[in-house]
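Using the hints provided, position chain B relative to the given structure of chain A.
Chains as they are written, first to last, in this note's numbering: chain A, 1 to 302; chain B, 303 to 587.
Please note that the accuracy of each hint is not assured.
What the hints assert, rightly or not - Computed beta-carbon distance windows for the label pairs: (1) B:I495 x A:W73: 52 to 58 Å; (2) B:A351 x A:S53: 57 to 63 Å; (3) A:F222 x B:K544: 53 to 59 Å; (4) A:F222 x B:G413: 24 to 30 Å; (5) B:P345 x A:G246: 30 to 36 Å.
Derived from the structure by calculation, the hints contain no laboratory data. Backbone N, C-alpha and C fix where the C-beta goes; we use that ideal spot for every residue, glycine too.
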Amino acid sequence: MAISELKKRQKIRKRITAILFVLPALLFLVMFVAYPVFQSIALSLFKWDGAGSWEFNGLENYRKMFTTDRYFWTALKNTILFTVLMTCGEMFLGFIYSVLVDLGVRGWKIFRFIFFLPVTLSQVAISLLFVKIFQEDGLVNAMLGFLNLEGLQHIWLGEIKYAMWCLIITSWWIYGGWHMVFFLAGMQSINPEIYEQAKIDGASTLRRVFVITVPLLKNVWFVLIALSFILGFKMFTLVYIMTTEGPSFATVVLGTRIYRYAFWVHKYGYASTWAVVMVVASLIFAILYVKFTGYREEALAE
Amino acid sequence: MGKFRRNDLGGPFANTIIVIILTIWAIAQIYPVFWLFMSSLKPSNLVRARIFDLPKTLYFGNYDFKKLNEYGITVLVYLKNSVIVTSASLLLLMIVSVLAAYGIAKLELPGKDVILVILLVLIGVPVHALMIPIFYFFVRLNMINSYWGLILPYVAFNTPFAVVVLQTYFRQFPNELIDAAKIDGCGDLRAFIAVVMPISLGPVASVLVISFLAIWNEFLFALVMMRDNAAKTLPVGLMGFKGRYVVEWGPMMSALVLAIIPSIIFYFIFSKSLLKGISAGAIKG
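Only chain A is shown next, with the shape it has when bound in the complex (with noise of 0.2 Å):
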């Protein structure tokens, strides 16, 4: 009985000290994600200029949202165009990348290095940078000059048809490399005594990357479009700065949509439905994206 009691004491003592361990974290966290995130769920039906009180709205705001912003479903099908554009193009890149890179060349590490290197870099800086690339006088034009393709030279940002592909092509080039760091992190776990089996029965080297690196990276494929896909709906930086929803609202997407309803127009409530919506789509990613890590099997299996 003395003994039984003194072990419940103790276990009981051992699980305060892991709680207090994680509480630190857990504060930080209710304080600014959770609990705020349930602030904004909630102030998506409610109408608030940030000065007086929150005044109820029902889903008004939603309605408005659906059916009479017009800005609304132009938001979303951009933010779905750049996202999966966005997607595919770092994929391709990314997995040629990883595929060149462990094919086992001399100085691989450097090339990885520089593939990498736009990832860590400020996006607001890339942003700025890539503005004076596509400008007028920028470099873009002026390499096109240089070959003698004047015909060709466009004022990049300013016309509808190219300024979407202008934020596409700046984001292949910033995340080509990150998808590539996990495809080689992938490749490394496979078995290289397949390829040389493969080898064996004579498949050339192009065709064992098609019948055994495509498809036993399955996994990492799901993972990383979850993961593009979350960064995709969050786009801010890129287009606030290289386009600022121009010409024309002609790249108009949520994330700008957004910031700018809440803080140009103090429509605190509404930029809240907005949001809502955000948070959805990145839920039903990350979900996927737990699912394929595998980590929730890992978790419940111990």
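Chain B only, in chain A's frame:
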């Protein structure tokens, strides 16, 4: 025959071709950054007129940031703010997340699998859904433009990723070492600080450098919180160059260099742990 020799081409000729392709590609990839550095070392009129030329003589005039004060752009103040906010956030973040990761991985925490899944989902929460309530939280405290208004949320935003990555590492840590320390009379905290931490500096460094990049480069939230010119961090301050044709190209290029140089240095020093840590959260560890 490194561990990367998995799918080789099987010939020196083919290998040379691959190296040539990779080299051309890498040069194209790095060129915008190279052009940025090069342009920052030329007088403004030459940046535009002789856009491809290497600087004939190195011109450091663009790095005299005081000249930009007349445009209301105080680069050195932004730099100071960025350094303060980033280092304070990183310090707090590491304390908070290392403790939590250890608690999840090694201590008897009830419901740890649920906590882990919640953390993974929280990684994806967009800052757009947090900034309005947090902004007003600090407005009410009269703390807009205060460093704390950035530091505390930055710690929270970066905790989920840090904890997830660190706990995968701590999980693999041998229990025998911890138990031995406890038999010697250490409590959990002492055992952790004296035994676990000294051998865990590698993973801690990789989380540290990833978080450094996230915080140093963060833009949207800082844009919301830091309104006064004296409080702006570098990314927000650089916005002063946006759409401004008055400011010449040269000084802007040098300010951009200043913003990216710390990232490049950190990346250069820690590239191994950084690249390892990036995929650690996603490829099951």
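Status of the hints after comparison with the structure:
{"no.": "1", "hint": "B:I495 x A:W73: 52 to 58 Å", "result": "holds, 55 Å"}
{"no.": "2", "hint": "B:A351 x A:S53: 57 to 63 Å", "result": "holds, 58 Å"}
{"no.": "3", "hint": "A:F222 x B:K544: 53 to 59 Å", "result": "violated, 37 Å"}
{"no.": "4", "hint": "A:F222 x B:G413: 24 to 30 Å", "result": "holds, 27 Å"}
{"no.": "5", "hint": "B:P345 x A:G246: 30 to 36 Å", "result": "holds, 31 Å"}
Hint violations for this structure: number 3 only, all remaining hints satisfied.
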